[in-house]
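Residue numbers (full-length UniProt numbering), protein chains in the order written: chain A, 1 to 713; chain B, 1 to 713.
By construction, these hints were calculated from the structure, which means they are not laboratory data. A portion of the hints provided could be inaccurate.
[Stated by the list, open to error] Far from chain A by the CB rule (all over 10 Å, computed), these chain B residues:
(1) F163
(2) K174
(3) K397
(4) L474
(5) E475
(6) I653
(7) E660
(8) V663
(9) D680
[What the hints assert, rightly or not] One-sided excerpt, in silico: chain A residues whose CB lies under 8 Å from chain B:
(10) L58
(11) L59
(12) P60
(13) A62
(14) G63
(15) G102
(16) V106
(17) G195
(18) P197
(19) Q321
(20) L462
(21) K477
(22) I479
(23) I653
(24) F654
(25) D666
All values derive from a computational prediction rather than experimental measurement. Quick reminder that beta carbons are idealized off the backbone N, C-alpha and C, glycines included.
Number of protein chains: 2
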Amino acid sequence: MILSALLTSVGINLGLCLLFFTLYSILRKQPGNVGVYAPRLVAQGQSQASAEFNLERLLPTAGWVRTAWQPSEEHLLSTLGLDAVVVVRIFIFSLKVFTFAGIVGVFVLIPVNFLGNQLSEDFSDLPNKSLDSFSISNVNVGSNRLWIHFCAAYVFTGVVCYFLYCESLYISSKRIAYFYSCKPQAHQFTVLVRGIPVSPESSCGETVERFFTEYHPSTYLSHTVLRRTSKVQGLISDAEKIRKRLAHLKLSTQSEQRFRRDGFLGIFGRKVDIIDHYERKLGDLEDNLRMEQSSLGKEVPAAFVSFKSRLGAAIALHIPQGVNPTEWVAERAPEPQDVHWPFFSSSFIKIWIFKLVVVVACVSLTILFLIPVLIVQGLTNLEQLETWFPFLESILKLNVVSQVITGYLPSLILHLFLSLVPPIMIFFSSMQGYMSFSQIEKSACTKVLWFTIWNIFFANVLSGSALYQVNIFLEPKKIPKVLAEAVPSQAAFFIAYVVTSGWTSLSSELFRLIPLICSFFKRLFAGKDSNEFDVPSTPYHSVVPRIVFFGLLGVTYFFLAPLILPFLIIYYCMGYIIYRNQLLNVYSSKYETGGKFWPIVHNSMIFSLILMHVIAIGIFGLKKLPLASSLIIPLPILTLLFDQYIRRRFLPIFKAYPVECLVNKDRADENDPAMAEFFDKLVSAYRDPALDPLQYSRNTDGQNAPLLGAAEV
Amino acid sequence: MILSALLTSVGINLGLCLLFFTLYSILRKQPGNVGVYAPRLVAQGQSQASAEFNLERLLPTAGWVRTAWQPSEEHLLSTLGLDAVVVVRIFIFSLKVFTFAGIVGVFVLIPVNFLGNQLSEDFSDLPNKSLDSFSISNVNVGSNRLWIHFCAAYVFTGVVCYFLYCESLYISSKRIAYFYSCKPQAHQFTVLVRGIPVSPESSCGETVERFFTEYHPSTYLSHTVLRRTSKVQGLISDAEKIRKRLAHLKLSTQSEQRFRRDGFLGIFGRKVDIIDHYERKLGDLEDNLRMEQSSLGKEVPAAFVSFKSRLGAAIALHIPQGVNPTEWVAERAPEPQDVHWPFFSSSFIKIWIFKLVVVVACVSLTILFLIPVLIVQGLTNLEQLETWFPFLESILKLNVVSQVITGYLPSLILHLFLSLVPPIMIFFSSMQGYMSFSQIEKSACTKVLWFTIWNIFFANVLSGSALYQVNIFLEPKKIPKVLAEAVPSQAAFFIAYVVTSGWTSLSSELFRLIPLICSFFKRLFAGKDSNEFDVPSTPYHSVVPRIVFFGLLGVTYFFLAPLILPFLIIYYCMGYIIYRNQLLNVYSSKYETGGKFWPIVHNSMIFSLILMHVIAIGIFGLKKLPLASSLIIPLPILTLLFDQYIRRRFLPIFKAYPVECLVNKDRADENDPAMAEFFDKLVSAYRDPALDPLQYSRNTDGQNAPLLGAAEV
């Protein structure tokens with residue numbers, strides 16, 4: 001790709017971003033869009049959008065930037081929780097890293113690269129210069145200038161590690177502080193016990209009661225045995241559907257369409273009152289449901305066991321309980337609203353099979369995804385496209401077309417395909433038998449990240465068939481050389497990728513095109529009164545991998561093609577503001593993991609550094625500087641030692657709270673008069689919502705009393 | 001190697017074994033040798049050897065076999081502990097596995113192999129037939145008979161897994177039963193806490209006291225801060241040396257040699273009484289020692305912390321204690337007599353450096369060990385030896401010489417070199433900073449095992465330079481093919497290895513040649529009264545890897561060269577009797593791990609099976625049976641799944657006792673009146689013996705009161 005193509009791409013994307021920002025600043029002020037652009041505020045009753053018309057509403061303003069910028073981190077922490085703060089911290093961390101990298105890259109490495117003459121020797125005609133002139137490819141073979149790159153790799157690794165350490169320290173201390181500051185929560189006092197050995201003569205509940213009163217006499221409080229409630233859940237969702245239909249019918253059809261024939265396709269048979277018909281149906285369903293609920297469903301050999309203190313729960317969690325380690329297996333209980341109830345409906349064997357299926361599915365998805373990647377590859381190599389489709393030759397001759405195709409289209413296609421991946425991965429993770437939404441999302445987050453790294457980075461870099469890629473990883477010795485040959489040559493593509501996919505994803509995140517369209521059609525068809533909307537939950541599983549993947553690109557291309565860095569810094573600056581805005585206005589967390597997404601960032605950063613080092617080993621080899629190539633080898637070793645240190649120093653904090661915190665917090669609670677009430681509530685906190693008594697009958701229309709369970713299903 | 005060479009080797013070794021057995025059965029009855037052949041019994045006062053002379057003492061008898069055979073497992077468990085029982089169970093397990101393998105191998109696989117005609121076609125001249133005629137190499141390429149080997153591999157894997165499951169179940173249940181049956185022990189109530197954050201204004205002991213009374217108020221009992229006592233230990237060992245010298249002088253020199261000159265080399269200066277001289281020296285040393293002991297040595301930020309219940313110790317052990325995970329790190333305390341006190345003398349940074357040094361040392365040892373391996377290789381290939389040393393040609397022409405050289409010498413050399421490895425590995429492991437002898441020995445056990453597998457199995461099989469071997473493991477795809485080509489061709493060597501190294505090691509284990517010689521010279525020079533002797537501790541680190549390595553040979557050669565199996569069965573039968581005998585008469589355990597050596601056996605067995613499968617994949621590929629080659633692939637996967645299951649089902653029991661056991665045992669103790677006394681003792685159980693008050697003064701000769709600390713140093 002030449003410089004002018006990149007500039008075209010930057011121009012198009014900057015234009016698009018500005019357009020989206022302008023549209024956003026206008027649309028967000030329209031009262032009708034408040035459900036799209038500030039659902040969180042509306043749900044909290046904080047939305048101040050007035051319905052009155054004034055001219056200011058039609059003018060683009062940048063006030064939202066100020067509003068997003070202003071709140072302090074303490075404010076974010078108290079209103080949004082630690083997970084949201086971690087997302088913001090990832091941006092701050094990335095900005096720190098890439099500001100340093102950018103300064104080194106632009107003021108040291110780019111001049112050094114540009115002064116090389118490996119690729120071409122003339123300084124004229126800058127716009128038509130290949131982007132490779134700014135990359136390490138342009139440095140002469142065997143040139144001593146490569147030692148500057150060598151030093152840059154060492155210094156950069158040190159700086160990244162330092163920032164990683166600071167950030168881990170900061171977030172882990174925040175996590176402890178958050179634990180101390182928050183009120184008593186049900187999940188802190190509860191563990192989920194699986195593998196309860198049920199004997200034929202006693203029920204599961206009795207077994208649990210007997211075991212824990214025997215072995216945890218001073219701390220055991222209560223338990224809730226889990227039940228298979230898939231049938232009840234089915235009935236509830238059916239009832240919910242009919243209820244909605246009924247409410248809609250009552251509102252829209254006053255009298256004219258109330259009757260229809262009850263026979264085949266509504267054409268034959270006698271005329272019936274549809275509302276009456278549905279009400280009867282709903283009544284039957286509810287009776288059925290009540291009957292099912294009273295039978296409680298089949299017991300699953302698993303239970304939520306609650307304790308009188310956090311330390312009591314920690315003892316049950318950390319120390320093996322039964323003589324047989326596959327029985328009485330305790331794991332951390334999620335928050336009650338975070339429990340993924342349907343999971344308990346499937347048996348453990350099913351979960352095992354599903355786990356295998358998920359592995360196969362992930363592999364298949366990865367292989368299938370090569371198809372769009374190969375198409376994108378074709379677009380960047382126009383010559384190849386011309387040989388494939390000769391009839392395109394005349395069109396591709398046009399300068400603008402070819403620049404758009406090489407500069408913009410490939411990233412856009414990739415971006416579209418990639419946006420399908422997070423929902424698929426969430427679906428895969430939910431099949432895997434996790435018992436909470438937070439775990440599902442965290443697992444999906446990791447899946448999406450590795451999928452992205454493999455399918456965007458490696459598939460594009462290696463650009464061969466799937467078979468060829470696997471072959472490389474069977475011959476570890478060749479990896480540095482292969483990567484060193486392939487990675488720099490794709491620099492242009494990834495610079496364009498940051499500009500298109502990165503910037504576009506940010507503006508579309510802000511603009512929320514699809515919710516906007518949905519809201520528009522909803523208002524068009526459902527009438528004015530349908531102001532219902534869901535507050536979307538923060539999509540950590542798509543946000544975190546995306547931010548982190550750009551970090552990987554930045555780290556690997558830092559000394560190969562520093563031209564990528566300014567664009568990355570712009571991405572992170574915009575992202576910082578936009579995600580603060582979205583977190584404050586749009587999303588609301590359904591759960592709080594207490595910053596458990598941070599280790600994913602740490603792991604990915606270490607992986608990126610090692611990848612950079614491996615490429616460096618290869619590059620210095622190719623550039624005939626074997627001494628530099630060997631001297632780089634301590635760098636990955638030092639990085640791994642650093643990783644080990646961080647793992648021992650900080651990661652345990654993200655897994656479990658220490659005795660010190662638990663005891664302090666327990667002791668602080670002892671004198672709290674509200675604890676008695678809390679324990680009363682705790683006993684029933686983990687009741688399956690599907691077994692809650694019905695909250696509406698056939699005579700109320702229940703508009704504002706949705707079934708608790710249905711929302712979770 | 002041809003059949004007659006093997007038979008020569010078998011003959012020589014059988015003869016040697018019989019000779020050793022006969023000599024043993026005579027020598028063990030001599031009263032003077034009771035310290036060599038039954039030190040354990042003597043130490044316990046159970047030795048019944050009469051000093052009277054009778055004829056029976058000179059006749060070889062097999063009574064010891066009956067004595068070793070008779071005791072039941074319960075008897076072994078109660079007298080020797082669980083670790084000794086595990087050693088016996090390894091033999092039983094191996095016998096079960098290889099009896100099955102032997103039946104299949106001898107009656108099914110050997111005939112099938114022998115009927116093939118890949119190597120030669122004549123059935124005559126059996127003695128000169130190569131051993132390869134009995135191996136899979138003789139089966140024709142593409143022959144359908146290979147499906148018999150295929151089935152054998154599947155059935156054998158299933159049988160091994162079944163036996164592994166049964167044995168794991170048996171040993172883990174024994175472990176739990178042993179825990180229930182044993183008396184309260186100090187280490188069950190104690191944890192070792194490292195990384196105590198000492199502030200400048202308070203001592204380490206105060207910090208520990210404050211922390212544990214704060215966070216474990218109901219269970220904390222006491223603590224013992226560790227101190228750097230290397231100086232005291234040095235003084236103690238000096239004093240011990242002088243004390244011994246003095247005692248010897250007092251006995252041997254009545255008056256004539258009591259005086260010597262105190263000047264240069266004892267020639268000049270005035271005459272002094274040597275005993276007086278030494279006594280004065282000892283007195284000075286003891287004063288010095290008392291002064292050092294009273295200053296207590298520098299505190300190490302680590303302490304043994306004891307609790308009032310086993311559950312209390314488990315809580316401190318399993319749940320992270322402090323907010324900083326690198327502080328207050330708890331680990332299981334060893335038994336008081338198992339503590340490796342010198343360890344605490346070295347700082348933690350030193351231990352880190354030493355860990356790296358140990359890694360480097362292990363690698364160097366592995367590389368250096370290739371030299372003897374290559375010599376051995378040369379001996380099995382006589383032709384090569386002749387080209388290296390042409391002058392040997394005439395000697396090597398002799399039939400007997402060449403048979404001895406190819407059949408016996410190589411294994412003997414290997415055996416000699418290999419016997420040096422366990423002490424070296426113990427030395428390496430003790431540098432690594434383990435805090436107990438049991439951990440050192442367990443770590444050395446693993447080291448010796450992998451060293452043996454690498455240096456005996458792989459180095460012999462691959463028979464190339466070290467570089468070449470590493471290269472193979474960098475190209476994982478080629479491994480099956482390379483192994484399939486190399487492993488069967490070394491069958492003859494490993495059959496000879498079992499016969500020579502295996503059988504010889506057993507008879508030398510029984511005969512205890514070196515202790516016998518030592519004891520002989522001791523009696524010769526030290527006179528009659530020096531009846532002191534140490535009871536040797538069970539050398540698990542050399543015994544377990546050896547038994548397990550023969551298992552690996554058996555498993556990998558099971559379907560390649562089943563001729564190895566009868567010799568292995570003989571090895572295990574003899575080993576069973578001999579080790580029972582030695583455990584009952586000779587060794588005494590210095591510690592009790594409760595069967596923690598078993599997981600090493602499990603891991604090695606799974607590794608052997610996977611290795612067998614990899615070789616099978618390669619062999620079927622070489623024999624042009626690609627279908628069988630592919631159909632073997634599920635086998636390692638199933639084996640690994642089985643391994644995962646066993647790891648989840650049994651291995652946690654070997655790591656920690658569950659709450660169920662801890663609470664039951666604690667509750668049983670509650671009513672025990674002896675517990676008050678036990679807790680009194682517990683407070684001082686983990687006192688560094690170097691700081692114990694001196695037990696002798698310059699006026700007693702202290703013959704029977706050796707310093708406690710010196711024995712540990």
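For this structure, which hints from the list above don't hold up?
4, 5, 6, 7, 8, 10, 11, 12, 13, 14, 15, 16, 17, 18, 20, 22, 24 and 25
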